[in-house]
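Participant: Sequence:
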Amino acid sequence: MQEQTITIGELAAATRLSPKALRLYDARGLLPPAHVAPRTGLRRYGPTQVERARHIALLRALGMPLARIAAVLDADAADRVPLLDAYWHEQARTHAARRATVTYTRAVLAGRPQTMYEIAERDIPEQKVLSIQRHVNAAHLPAFLAEAAELLLTHLRHANARLSGPLFAVYHGLVDDDSEGPVEVCAPTDSPVEPAGHIGVRIEAAHREAYTALTKRDDAPASGAAVHDAVGAWLASHRHTRSASNREVYYPNWATAEPGEHVMDVAVPFHPGSAT
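Counting from 1, one number per residue, gives the positions in the sequence shown under my numbering.
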């Protein structure tokens, strides 16, 4: 065993991964050593762990999160490259959204008019909604949105109820890497339906809202702050008063849409003011 394995220090030197990182990967189940001495806790790694550590180092150099790395390395050999490609396409899309956000932010800081997003108005009638609310940060937001949508749609099916409008998420607080603002995912319905567990039922008041339509290309987390800011700035410039929390409206074609297709809206309810 000792002749066929290497220490954590030797593995760190061979892969340029720090001992601290290797201990973290062990704790996460990503890179368990081949052998741990019962009395001293000394970790020793065999050839398969050395190769896996090399792969981890390469994927971490691309900024891939540990959970995604585990999914790639634990997949069948034929699926690993497609999983990497999918991650890289996501990163390219996020980078493109950040480039647009930089353009918008540069205009804001320079005090120039912002014309990147076309803002319109519409009236939303009163509607009954099923909803699930949770405190989440930016990292956990996509998973929560998907989970909540599935729970709400399943509840509607079991109640023989129908969806009467697009799903939407209400952001009752700031959601970013440091803030876990409450997020409420809502499913409109005009059918009789009862609350259950974490799923509530409430009436969404009729309101007028300002909104901007986004395509699949625009819909990236990196662009979210700029879009929400743009709608808020439009309200301020027209002297309207925000009447409820920001929301995002998700249309059912999101999964299959082409990059240029309309898939969602960012909207803010308001009380009309005296426009200048």
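Worth flagging that the hints you see were computed from the coordinates, not collected in a lab. There may be inaccurate statements among the hints.
[As the list claims (entries may be wrong)] Simulated DEER-style distance windows between Cβ atoms:
| # | residue 1 | residue 2 | range |
| --- | --- | --- | --- |
| 1 | Arg16 | Gly165 | 16 to 26 Å |
| 2 | Pro65 | Glu180 | 13 to 23 Å |
| 3 | Ile203 | Val102 | 32 to 42 Å |
| 4 | Asp79 | Glu180 | 30 to 40 Å |
| 5 | Asp79 | Asp123 | 22 to 32 Å |
Using N, Cα and C, we set each Cβ at its ideal position, and we do this for glycine too.
Participant: A separate judgement is required for each hint: does it hold in the structure or not?
Facilitator: Consistency of the hints with the structure:
1. Range check, Arg16 to Gly165: Cβ separation about 53 Å, and the 16 to 26 Å hint is violated.
2. In this structure, Pro65 and Glu180 meet the distance hint of 13 to 23 Å, their C-beta atoms being roughly 18 Å apart.
3. The given range of 32 to 42 Å is respected by Ile203 and Val102, whose C-beta atoms sit roughly 40 Å from each other.
4. A hinted range of 30 to 40 Å for the beta carbons of Asp79 and Glu180 is consistent with their spacing of about 33 Å.
5. Look at Asp79 against Asp123: about 48 Å separates their beta carbons, and that is not inside 22 to 32 Å.
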